[in-house]
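Next come the chains, spelled out residue by residue.
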Amino acid sequence: MKPQPVSPIELAIFKSAVHSIAEEMGAALRRTSISPNIKERRDYSCALFDRHQRVIAMGDHMPVHLGSMSHSVDAVVKSLKLGEGDIAILNDPYAGGTHLPDITLVLPIFIEGVDGPSFYAASRAHHADVGGTFAGSMGPCREIYQEGIRIPAIRLVVGGETNTEILSLILHNVRTPEEREGDLDAQIGACRVGEQRLKDLVAKYGHAKVNELSDGLLAYTERLVRAELRKMPAGRYEAEDFMDSDGITDDPIRIAVAITFDPDAGSAAIDFSGSSPQVAGSINAVYPITYSACFYVFRCLLGDDAPVTAGMMNAITVSAPAATIVNARPPAAVAGGNVECSQRIVDVLLRALAKAAPDRVPAASYGSMSNLTVGGWDERFHLPFTYYETTAGGMGARPGIDGIDGIHCHMTNSLNTPVEALEYAYPFRVRSYSYRKGSGGAGEFKGGDGLIREVELLADAQVTLLGERRKFQPYGLSGGMGGEVGLNLLIRPDGTSEKLPAKCSIYAKKYDLIHLETPGGGGWGVPEIG
Amino acid sequence: MRIAIDTGGTFTDIVYFQNSQFVVLKVFSTPSDPGRAVIEGLHKISPDPDVVVRHGTTVATNAMLERKGARVAFLTTKGFEDTIAIGRQARPKLYDWFQPAPECLVPKQLRFGVSERVSSNGDLLLAIDPVELEIIVNNIADAGVDAIAVSTLFSFANPESEIKIAAALEPLGLPLSISHRILPEFREYERASTIVANAYVAPKVGSYITTLAANISKVYADSRLEVMQSSGGIISARIAAAEPVRTMLSGPAGGVIGAYKLAGLAGFDQIIGFDMGGTSTDVFLVDATGPHISNESIITGIPIGVPMLDIHTAGAGGGSIARFDAGGLLRVGPESAGADPGPVCFGRGTQPTVTDANLVLGRLDTDRFMGGSISLDRDRMLQYMEQEKGSLATVEEFASGILRVVETSMEKAIRVISVERGYDPRDFTLVAFGGGGPLHACSLAHALQVPRVLIPALPGALSAVGILLADTMREYSRTVMQTIDADLEETFAELERLGFNEFETEGLAGKSFRSVDLRYRGQGYELNIPYGPDMASAFHALHQRRYGFANEGRPLDIVNIRVRVAAPAETFEPPRQEIIDGDGSAALVGTRTVYFDGTPHPTRLYERDKLHAGDTFTGPAIISEYSSATILPPGDVLRVDAFKNLVIEVYA
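Protein chains in written order, with full-length UniProt numbering: chain R, 1 to 530; chain L, 1 to 652.
The shape of chain L in the complex, shown without the other chains (with noise of 0.2 Å):
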């Protein structure tokens, strides 16, 4: 049996099969120990001794958010020490002088050079001294830290330096995170940033997921702990807790996922997603080669080179916070009223949110909310908009401006990861998800003309059902900058060989996918291409979508070779509901005036839970459900399909 837990920030989502069914629970999160939460919710399920359990942790991102971490020696080459603190030089304000100094997680005096130098193309040009080396470790030794990251130079082309290195380490009995293990890949700096980051959450994520492991064999015999990566993903504990920087967007990417699953079963291979919460707004896009990975995310700015699922976040969610400017412009965010004070209707905030306008809109109802756990203050917020709504004569003008804005700043978002990315939006189907996805869904599509709208079952537990649907994964990297008719079976074979030694030792049989990293000689990017005999070509071809031209006369260097080893999930079909034609009239719980474009309209108002496969319906329409709302603009169609999804086509 298979388990997927999520922990979020105020529930822990626990979703399994039973009978074919999705099962979903809810528990309250412990963020003090977010482990208790997890035995928790598995003690509510019927034991079952063979079971595997699958986990979405924010141990690591909150490490990083909280600047909680260990205290981390960094150790490279010497002459280098400094390069892990002055990073690519650039301030990340042009226009703020009084900007604060960026971050570095390695205090000055924890940064240890080693004589020693390897070249571009992997000659040991000077060879470690055993006698420096071993007083530099004892240095270390006596600096009292908790994790020790090792990155020296071009130690990808050959890692003899780091084998020293480490094996001097190894002694002092603490977490080591070495470079070429973990991202044998050019750019020093990204590629110690990396390192670092890994050795200091180890301490904190290690002894995390050691300990649920140990806690969750008492409560199950024969249980195995996996947890999701941020490429989307599943790892073992063991490589979790060794190498903890790939879980840095662990729950984000069973989001990425679980829109993917269920888009694809639904039928929809090229999505967009659209997952707006509290305070941001992630989203992200999938074409037919499956989510897009990137290999040069910054995760609370510091740069991670591992592959995570490419998700990009905007900074306004439901709780950004509308405001006018000296200049008397209306700005929605990036300041967020969050969950306290939280929005004026809340009852403590009194700075005016999106989800006030939301409110003031009628697209919102003042019981429901969150299934009725917390009750909305509308007069509270009425008056608080209307002290608020400066030069503008009504407070629904004020509203449906704050919606108009923060829209407008969520169709960037989306126009970046695909517009500016080659991707036409008018290909795609928008996936909303998240408390406020299904609210803004259906205005996003008309901006960006995007056809189709699908609002998954499950939407609030969506992660964890992604993270349940994942495949099991491992991702193998290395630098080689060779020309492409270079022969790198050999390299290839040794990565593979790592992966499917690690795969037998969990009892998995995984398969190989090899690509390669190109570009033109001398250009500075590169993109992914599956290897094989006509990667030219299909680098052409991406070269020409992504940017616009291509030039089959200019010669190509292989600059990274990848290999993924998967073993993929068992297959899942969820039921299919009988597709039974109505109106959803069974669902129709009253009616409400809501604004649109300004203008109040009518509203039909539907329990979502009451809909039954084969409703179709035309808008204006609110659907609601425990987490959200789904806003059916007039005109907009509304379908269920056999998997109790809502199907929205969108007419310009």
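With the rest of the complex left out, here is chain R (with noise of 0.2 Å):
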């Protein structure tokens, strides 16, 4: 049945009012965490669901949780019957979420006189770090076991009361668990406000009045997506790129996609057939993730303000053939899915879409988050730390104007950590963080250059790196040239270095200097030549 259509005034509050409460959301999960990983770089998302589990609302998050959290919201609806005052808790990888350091949480929230849940609220924050064989839990393993704890979902607040039980079992699989117990409070703090705000916006229009108002906004977003389908061209539009390796054999691993516009119905048929089986490194992408990068590149399609809701997906199919690097199978290792692999997925959908829509579309971005992560122990304050972090590197060309210098690109937005927060907090010394001039691809418009980043350890660590792009280039776009690809080295304190692959974990003595250098983006356009 085709909702009818609701007063485009009623709408516009509507859409303003839900969009608000997930802002609301993320202010108070931001406000309250501990650690810095989602305090200063901002690496969570909150969002609104209604009584079908569709999306209603999302902040101004992470690119990469969009629409995936949806999933989350529907493997808690099947593995249990949630009652009032409960909140479940969730990672696996395999049952709705995207990769175990990213810990979902999901509050339903229920109207008084209605049966079952009538909206939900979640959160979702990427902990620094959930056990398993490497500190800080991103480390190049084989099999998700390694990877760290795996939590289905199970209720971690029941009537209210948190299960102490169940969080003592998350506590004593972590390495940080003081942290870990304080972000996870800030999550539950998010979702009440969340839940709160919600039945603010019931007692004021009525139960069935904002049920009419949600059909209305998916069918908003429905509208403007297909709006935009029909200006594409029909036909299909294949492409490929590759991602360096798994970190385990060298061999190059295929993504493929073909999309295919149909401008008549307004619709999008996208096809990963053709991709490289999954791989015994720990850069699978689950489901989620690859439905992420396709949510994403077609929100980007959008005007700037469009709301994020799931009547954006109803015009737009996703297939990703199962065992494959797009849809990991267990026990496939994922913890670089989400930061690598999905941003190579954006990557191969560009490119397909560039063949649509050439004057739309930048050429590649530096396609990988240059994962680090350094754990030890800290003399100064005799306690262990886990610091993570990623590096920019630059933005593809643009048709009529040049890529950006070391910015974050695509499936990303965290910040960096400042120097001297670093320091203060670390027993690092950063010794440089600068462009990397001319690594930007040539072209009519010129890629983005990468950025260096060098930091010395000041006590023996494992430092664990999870990049890509330090093989295959970063491509340009109608004739441009592609960006330079990453490089990282150990320089030790006599002098010496070693290149480091792009995916290992090694134990670094203090002294050592891990120095990072990241992609540039590709050119756009045939260079001038001289």
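In silico EDC-like cross-links for lysine to aspartate or glutamate, where the CA-CA straight-line distance does not exceed 20 Å:
(1) K231(R) / D325(L)
(2) K199(R) / E420(L)
(3) K209(R) / D597(L)
(4) K412(L) / D305(R)
(5) K610(L) / E578(L)
(6) K218(L) / D33(L)
(7) K93(L) / D305(R)
(8) K93(L) / E23(R)
(9) K355(R) / E240(R)
(10) K209(R) / E10(R)
(11) K93(L) / D60(R)
(12) K231(R) / D96(L)
(13) K412(L) / D200(R)
(14) K437(R) / E103(L)
(15) K510(R) / D123(L)
(16) K78(L) / E456(R)
(17) K610(L) / D581(L)
(18) K81(R) / E161(R)
(19) K204(R) / D424(L)
(20) K355(R) / E444(R)
(21) K204(R) / D597(L)
(22) K499(R) / E454(R)
(23) K412(L) / E23(R)
(24) K204(R) / E407(L)
(25) K510(R) / E498(R)
(26) K511(L) / E570(L)
(27) K78(L) / D123(L)
(28) K204(R) / E10(R)
(29) K412(L) / E10(R)
(30) K78(L) / E454(R)
(31) K199(R) / D424(L)
(32) K44(L) / D33(L)
(33) K471(R) / E240(R)
(34) K412(L) / D60(R)
(35) K68(L) / D146(L)
(36) K78(L) / E160(L)
(37) K644(L) / D583(L)
(38) K499(R) / D512(R)
(39) K78(R) / D115(R)
(40) K510(R) / D494(R)
Just so you know, these hints were derived from the structure itself, not from any lab. All of these numbers come straight from a predicted model, not from anything done at the bench.
Fit the two chains together into the complex; they arrive one by one in their own frames, and the hints show the way.
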């Protein structure tokens, strides 16, 4: 049944109201969390869902969480019968999660006189450590069992009371339990803010009206997307790109896509058939990641302030064959799927899209978050530490405008940690942080330059790198050249240095220097000669 | 005699006391040289040689807005020259592939690195090589710059390197902005950004203030010039010229202090300020501790770390344009018709705006807008509204939709500064000013359940009033990163000496207020707490209030210490009008049909000038004055207090 059109004014106000709730949840989470990863780098998302687990509002938070959070709510609804005051927790990538460090909390919202949950509020945050073989839980594992504690959808809060047995089990399996507990409390608080504000909205409008407006908002988003898809040329547009390796063998990994536009129907079909089978290393993406990447790309085709709702994907189908790099099955390791594979999926989608709409699509950006995790013992405080950070690279050139130097693109937008904050908090000394000049691809419009970051360790530590685009360059478009590939070095105090693999975990010594060079963006258009 | 002069977009407002009354004068602003209007205004006042002129200036703000500042060289620790451009490596817009690169105020070739290094605990790890420094100074001399900014890593922990660099640069005779002198706080990007912004506006503000001071002394021989700073305190012209980054919100800060002081006199000390102009709306919150200060402001995309009143801006105002998007949704703003072409009813614009919607619904007067200086074309407006109303049945429906949508964005802005920070709007009085504030205040108060609205006397010159009433103030800070039991007496005393010496130079006696920025160990954000034996418990209480939890077992760190040295302005009590119970009928000038919640109501029209203290009446009514009109919805009750403020009780 087609939903009745609702008043464009009511809808405008409702859209603003629910978005404001998601933003308020995010503000609460950021304010009350403990770890720098959430507070300073803002690696989290909050969203609201309707009775059918369809997202109706999401804060302007992390793009990689776009669209994938509804899979968490689905998984919770499928496996648990939640009552009032319950909050579910999960991180299992194979049942609604993305990778283990992303822990999602789902709170069902009950409206008086209605059976079952009428809405859901959810918060997701990247926790700095969830146990496993490597400090920071982002290491080069081969099975999900090595990547950390795996939490299926279970109740963390029952009838308003935290289940201390479950909490204790979780905290006994992570390296920094106090920080985790604080961050989980912040997530609970954020969900409750969403619950309270949504109940206020129901009190103001009435339950039936809020449902009607929610449906109206989804229909509105769908109209926006279809209007955009009607402008696309009919046909099937194919592209492929490769990930460097899985960190175990040196074999390239293919991601292939075909986007088929049907402008008459205002729809698109995305098919990842032909992508490589899942790999032994940790860069496999689970389906929700692939879905998020598609969501993100089409979200960008709309205006900057289009709402993020499930209505967007009504016009778009995503098919990814099982047991491939874009739809991994257990027990594949997946920590890097979220951060690395997700970026490459975007690259492939853009490459295909550029064939349909060359003037609307940028060349490939740096395409790797260059994840660096360092864990060890801090003599100054007599405490263990775990540090995790991503480093940006060059943005791909756009038709008509150069790419931006040293800036996060696509699936992430996390802030850097200030050098001075870093040196207070960890036994590190940052030696340089600068643009990597000349690393952007040449073109009529030049790709953005990558970054160089050098961190000297002031304690023995386990250093884990997870990077990409160290072998295959970010591509240029319309005759533009590719961006430079990235590079990692370990430089010892005696001046000798060693090239580190893109994906590795090593034990480094006090005074060793980690030298990172991140990839540049691809160029756009044929460069001028000379 | 003290005179406040605030430069605005259209008018320059002059306010002073005479016979214990406020006197307000307005002269047209002179944007090419704002000082001309200041001098012109002064000429209109009978001379009194011993005058203190207090100024709200837009010179720094405009240099930033128009990106017409100085050519700045930036010096920092070698290896970190690009950090001023990299910023926090995040993009401003998440979903816009075509966004422009964030602008850096220092071009690539003017970023210089000096080999030196200080550690987090202040140890000098690498001392400056004088030979290298000399080469850099020569390169800067050859680069043809107007100003220089210096910010090296951990300069606040040990300023040795910066002192050497400053000494070597001194002979160039250029304005120097040195980080440990202006903002000795950690987080290198935000600090450097502040120092660079200071250098960027320094030549312009410096010459403006010097010239203005000289011109004023031609009119008044024994005059002194003072400037309003963004934190709401007054500083001397000399400091404003050296540290102009402190004047970025000079005028708006006047509005906050004006609203705060007038509301305080009227008996309301917890207020939410609401200043709606043509293109944007400013909101702010004042609780029992006074107006809130932020150390993380962003001005025209550039982070500024010196203390500023915490003013939140929403991109919606009277000129905001209404349109339907591709999905059929009504949107209002952020595009604005501005002053040119302006709203449709002004005669040139073709896109309906918030002002046009107010006119449709009978809320504005076609003849009396801006005292009759602009006549509004109702027919023209109706014609365009009809064309643009989309699927809606009537222009009235369209117009009330526009107002509801724009008020929703203002409601959102107020929620950000209140609810999101742990305050309940029901505990506050909404103080509305600016051209649009009084038009929308009651409607917003209903939406936010704010029980009371105050429309201050002199709403059109509130910034100048605030500047006149502000205290003289200097703020000092330093990152110390110590445990809560650390002995900080000496560091506090050092900062206080700086302040007392400066006040002495100005012939003032200042009083010191100490505070600390505290946080739970490991946290990334701090809360400012008055320094004293019970600061830990005060921190836990504030943390509970702001963030919903406190953990008394968790260790606390002192991140920054702060000293505010203040000399209070002479106390001022404006004359009270005798309260005479009345119904305002002497001010009644007519009736008109006005729409409330989509329904037409016959509505009484009052002229504010003719109201007397003690007049009380119930809406629907419109109270018009020179620069604005107050909408009193049906059922709300307005009373004129002894200071001639309009105090409205809002009933849910």
